[in-house]
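There are 2 protein chains.
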Amino acid sequence: MAWEYINREAVIERARELDAHQFAGRRIGRLHGVPVGIKDIIDTADSPTACGSPILRDRIPENSARIVQLLEADGAVIMGKTVTTEFAFMSPSKTRNPHNLEYSPGGSSAGSAAAIAAGHVPLAIGSQTNGSVIRPASFCGIFGLKPSAGIIPRVGVLKTSDLLDQIGAFANTIDDLALICDVLADYDARDPQSFAMPRPDFLRAINNSNRDQKAVAWIMFDYMDELDTDTLAGFEQIKSALSSNVQQIDARQSTASLLAAHKTIHETQLFQNLGSYVKTDRKHLSAPVLEALERASSITRAEYNTAIKVRDEAIEFFQNLFLEFDAIITPAALGEAPLLSEQTTGNPVCCTIWSLVGVPCITLPVLSGANGLPIGVQLVGKYADDEHLIETSKWFLDILG
Amino acid sequence: MAWEYINREAVIERARELDAHQFAGRRIGRLHGVPVGIKDIIDTADSPTACGSPILRDRIPENSARIVQLLEADGAVIMGKTVTTEFAFMSPSKTRNPHNLEYSPGGSSAGSAAAIAAGHVPLAIGSQTNGSVIRPASFCGIFGLKPSAGIIPRVGVLKTSDLLDQIGAFANTIDDLALICDVLADYDARDPQSFAMPRPDFLRAINNSNRDQKAVAWIMFDYMDELDTDTLAGFEQIKSALSSNVQQIDARQSTASLLAAHKTIHETQLFQNLGSYVKTDRKHLSAPVLEALERASSITRAEYNTAIKVRDEAIEFFQNLFLEFDAIITPAALGEAPLLSEQTTGNPVCCTIWSLVGVPCITLPVLSGANGLPIGVQLVGKYADDEHLIETSKWFLDILG
Chain A
0 MAWEYINREA
10 VIERARELDA
20 HQFAGRRIGR
30 LHGVPVGIKD
40 IIDTADSPTA
50 CGSPILRDRI
60 PENSARIVQL
70 LEADGAVIMG
80 KTVTTEFAFM
90 SPSKTRNPHN
100 LEYSPGGSSA
110 GSAAAIAAGH
120 VPLAIGSQTN
130 GSVIRPASFC
140 GIFGLKPSAG
150 IIPRVGVLKT
160 SDLLDQIGAF
170 ANTIDDLALI
180 CDVLADYDAR
190 DPQSFAMPRP
200 DFLRAINNSN
210 RDQKAVAWIM
220 FDYMDELDTD
230 TLAGFEQIKS
240 ALSSNVQQID
250 ARQSTASLLA
260 AHKTIHETQL
270 FQNLGSYVKT
280 DRKHLSAPVL
290 EALERASSIT
300 RAEYNTAIKV
310 RDEAIEFFQN
320 LFLEFDAIIT
330 PAALGEAPLL
340 SEQTTGNPVC
350 CTIWSLVGVP
360 CITLPVLSGA
370 NGLPIGVQLV
380 GKYADDEHLI
390 ETSKWFLDIL
400 G
Chain B
0 MAWEYINREA
10 VIERARELDA
20 HQFAGRRIGR
30 LHGVPVGIKD
40 IIDTADSPTA
50 CGSPILRDRI
60 PENSARIVQL
70 LEADGAVIMG
80 KTVTTEFAFM
90 SPSKTRNPHN
100 LEYSPGGSSA
110 GSAAAIAAGH
120 VPLAIGSQTN
130 GSVIRPASFC
140 GIFGLKPSAG
150 IIPRVGVLKT
160 SDLLDQIGAF
170 ANTIDDLALI
180 CDVLADYDAR
190 DPQSFAMPRP
200 DFLRAINNSN
210 RDQKAVAWIM
220 FDYMDELDTD
230 TLAGFEQIKS
240 ALSSNVQQID
250 ARQSTASLLA
260 AHKTIHETQL
270 FQNLGSYVKT
280 DRKHLSAPVL
290 EALERASSIT
300 RAEYNTAIKV
310 RDEAIEFFQN
320 LFLEFDAIIT
330 PAALGEAPLL
340 SEQTTGNPVC
350 CTIWSLVGVP
360 CITLPVLSGA
370 NGLPIGVQLV
380 GKYADDEHLI
390 ETSKWFLDIL
400 G
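Protein chains in written order, with numbering that gives the first Met the number 0: chain A, 0 to 400; chain B, 0 to 400.
Simulated from the structure, these hints should not be mistaken for lab results. Treat the hints with caution; some may be incorrect.
Said to hold, decoys possible - Only some residues are given here: those of chain A computed to face chain B with a beta carbon under 8 Å:
(1) Ile27
(2) Ala44
(3) Asp45
(4) Pro47
(5) Asn62
(6) Ala72
(7) Asp185
(8) Tyr186
(9) Pro199
(10) Asp200
(11) Ala383
For every residue, glycine included, the Cβ atom is placed at its ideal position computed from N, Cα and C.
Can you make the complete structure from the sequences, with help from the hints?
Structural data, given as structure tokens:
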């Protein structure tokens, strides 16, 4: 249920080619022979890429997304396409949580997260516009990393929101995440968010032996009131383990405006990118997507401009905050995965603000809840300083032992 | 005379941005702050790229070529556009040879080679369809490397011949060449020659301490009769220094068919790519380009197919030859640079066959001629085993001391 499409012959043929390449004595890549799952909103040449929608059921891209080409150039075997929710939005997919099949794996990168948790592949790619990497990783008990916006190029990936869409990855270790993000980090001028500067070296951060004491911030937002009691208890333990390394900040006052800004930008841009389907394919859109698109059509220019202004101020606020703190420590989700019967992929609210400002986030599977399901601890870092976030995450894992 | 266009403000602004990036403690790229010259057939966003032709005088590309993006992503400063001959073909450009201004720098990557020899920049990019990297490097007394076809992507570079166009680089040391080729080597599916496999690691080859004895081939072609006497004398000395490491092979018989195959493919594809200018811009085409395009229009399908067959057989022949030899050693040009008054960029014949089969070639500035001008020694390696060519070149330079 994690996979939308696998071309068995093509996978075996690719593995044979890689063997031949190696036997010829040629240099092998950083991902030589490693199978990777690709979220089905990411183009793969000559294989279906339907973005979770019946509208694109027969769509076969001519060219692979830039990130798929980067993976292939480093020797990866593209195992196939993982299930995504419809247009990477909120409607549940057919994928289940490998820890307990009665529960949701989260969304929208449901298949990628579940494929890692189930041990199908060691690496998979997802994307996050709101909470679609960090949340499913948390629910599935794996590591998930969404680097800073602009570090991984989005050419050949479904556009839902140019300002918010970001690529991320899933793995069973933080080291594997660093490896694949090094492969994916690249400049491509066709992506307006991509920048012509050197990328972080994620693996260098992993290997950096500098484990100085760090200062992390625990920020109070309004939505913290909705945290499950087991999540809250887990974080109390973590805060006491961090002792004086953690400091509390109150940002309750800005919660509502930040969440609203994200929603306004997301829905406006979703409408710009997918709005035409309301007319042409209305009957093939699920209710949540249709409602979002219809809400979007009534957002005014002034409302959108206000949202952009809130975002700009938030970017500056967090830029300054990270002059004092190495990272923010915060839940990856409100609690454990919801039951499938609840018909939701879970609340993304713990990720929304970080997606809004484009900072790097990682979730570490270190807690578990009342149902025996995993709960992730999210660390959030300074924009474009992803190396420092990785270093801080290693330091944090060391403290927890 | 080496530069077609430099935007002084943009260059300084870029350098400032790179400084700020470094001072912010972010990772710096392999070419951090290094100025690079770009042949003017390679697109650079927002700056003129006229391909040496008045027809494209006002052309400003929207996007940079993939290789320019790769350079920028590794911290390079694009210094400007270097002079190319018209459409990278044979007509002389305005650039002169820095060793003696009365002489040609070669073509078509005239400005790139001259800019290196004159010390304007440490690195420059060119392209070779026949002999446009190796020949100007030889004439200008610098190092030039054209990796195997398909290793460096050509997206955003003037197309003259899909089968023959290849990207190369110029530098004052072999180490610098290896560094820049590592940056340029990348997969891009938009280039039909590009392949989804790991690239050679050029710097690893430089640093490889394995300096086993090598076997090199000296291949006799018909055109060797035209070598200048000083070139011939230089190679006699080199062959005696190599002693039993060099072995002579006679390929005189196939010379004519190989050269003819290159010409047929080159002119046919040149016509496909630029043929429309014969009608629309005839008066802005130089006589050599016009003649080539007019000859091309009478090449039959059968002649083209025969040329492709000759090329395929040659590819196989050299693939097998490199089972026995580490490299071919051969002149980079027939002799020193010609006088400007001769109205030629020099004969590319010493490069034609290697461009035809797409194997990697390097020229080393180790000889000089009767006029005191440089003569390059060309080493040619096995397809896609560029690392081995670099190792063999280092071994060869060690022998010469």
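Hints and how they fare:
1. The beta carbon of A:Ile27 comes within 6 Å of a beta carbon in chain B, closer than 8 Å, and the hint placing it at the interface holds.
2. The beta carbon of A:Ala44 comes within 7 Å of a beta carbon in chain B, closer than 8 Å, and the hint placing it at the interface holds.
3. Here the hint on A:Asp45 is broken, as its CB sits about 11 Å from the closest CB of chain B, past 8 Å.
4. Taking 8 Å as the C-beta cut-off, the interface hint given for A:Pro47 is violated, the closest approach to chain B being about 17 Å.
5. Residue-level restraint check for A:Asn62 holds (minimum Cβ-Cβ distance to chain B is 5 Å; threshold 8 Å).
6. With its C-beta approaching chain B no nearer than about 4 Å, A:Ala72 sits inside the 8 Å limit, and its interface hint holds.
7. Hint status for A:Asp185: holds, given a least beta-carbon distance of 7 Å to chain B, under 8 Å.
8. The restraint placing A:Tyr186 at the interface with chain B holds, with a minimum CB-CB distance near 4 Å, inside the 8 Å limit.
9. Because the beta carbon of A:Pro199 sits about 6 Å from the nearest beta carbon in chain B, less than 8 Å, this interface hint is met.
10. Interface hint at A:Asp200: satisfied, since its Cβ lies 5 Å from the closest Cβ of chain B, which is below the 8 Å cut-off.
11. Restraint check, A:Ala383 versus chain B: the minimum CB separation of about 7 Å is within 8 Å; hint holds.
Taken one by one, the earlier hints fail for this structure at numbers 3, 4, listed in ascending order.
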